[in-house]
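A.B. asks: Sequence:
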Amino acid sequence: MLLLFSAVLLAGCAIDVEIDHVDLTKVTSGTYHGEYRSGPVKAIVEVEVRDYIITAINLIQHDNLRGGKAEMIINSIQEKQSLEVDGISGATASSNVILKAVELALRQGMQ
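Residue numbers (the numbering used here): 9 to 119.
Derived by calculation from the structure, the hints in this document are not laboratory data. Think of the CB as a built atom: it goes at the ideal place given N, C-alpha and C, for glycine as much as any other residue. A few of these clues could be false.
List of simulated lysine-lysine pairs, DSS-like, C-alpha gap at most 25 Å [unchecked claim]: (1) Lys50 <-> Lys88; (2) Lys34 <-> Lys88; (3) Lys88 <-> Lys77; (4) Lys77 <-> Lys34.
Computed Cβ-Cβ distance ranges for the label pairs, DEER-style [as the list claims (entries may be wrong)]: (5) Gln116 <-> Lys88: 34 to 44 Å; (6) Leu67 <-> Glu92: 28 to 38 Å; (7) Ser97 <-> Asp59: 11 to 21 Å; (8) Asp28 <-> Leu67: 27 to 37 Å; (9) Asn83 <-> Glu43: 28 to 38 Å.
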């Protein structure tokens, strides 16, 4: 019964969330908030941009099932300065939700 319940919960998760490219040269300096939810997985982020560089990503909230290790994706985004990073194996839904929250935050700062 628990397995069936878990399968139903996961069916609504963001495994196939479309993450759009954000051109950092169009994002003005500032701190931006992004939030995204898919099923039981939710992320709230704060993204700081200075001179077209992501200088900090703070994960304010991350509700997940077993996708806590997805939080490492923030390091990849900062290192690559891009949303085009590999998801965290075993935490695909949470990885995608965090990526989408960062994308939505960055879009707030677009010129």
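A.B. asks: Each of the hints needs a verdict: does it hold here or not?
C.D. replies: A quick look at each hint next to the structure:
For the given pair, Lys50 sits about 23 Å from Lys88 by alpha-carbon distance, which is consistent with the 25 Å threshold. Of the supplied pair hints, the one linking Lys34 and Lys88 holds, its CA atoms being roughly 17 Å apart against a limit of 25 Å. As the CA atoms of Lys88 and Lys77 are separated by approximately 19 Å, the hinted pair is consistent with the 25 Å bound. Only pairs whose Cα atoms come within 25 Å are accepted, and Lys77 paired with Lys34 is rejected, the gap being roughly 30 Å.
In this structure the hint that Gln116 and Lys88 lie 34 to 44 Å apart at CB is violated, the actual value being about 21 Å. The hinted window of 28 to 38 Å between Leu67 and Glu92 is violated, with their beta carbons roughly 19 Å apart. A hinted range of 11 to 21 Å for the beta carbons of Ser97 and Asp59 is inconsistent with their spacing of about 33 Å. For the pair Asp28 and Leu67, the beta carbons lie near 20 Å from each other, so the given range of 27 to 37 Å is not met.
Taking the beta carbon of each, Asn83 and Glu43 are about 20 Å apart, not inside 28 to 38 Å as hinted.
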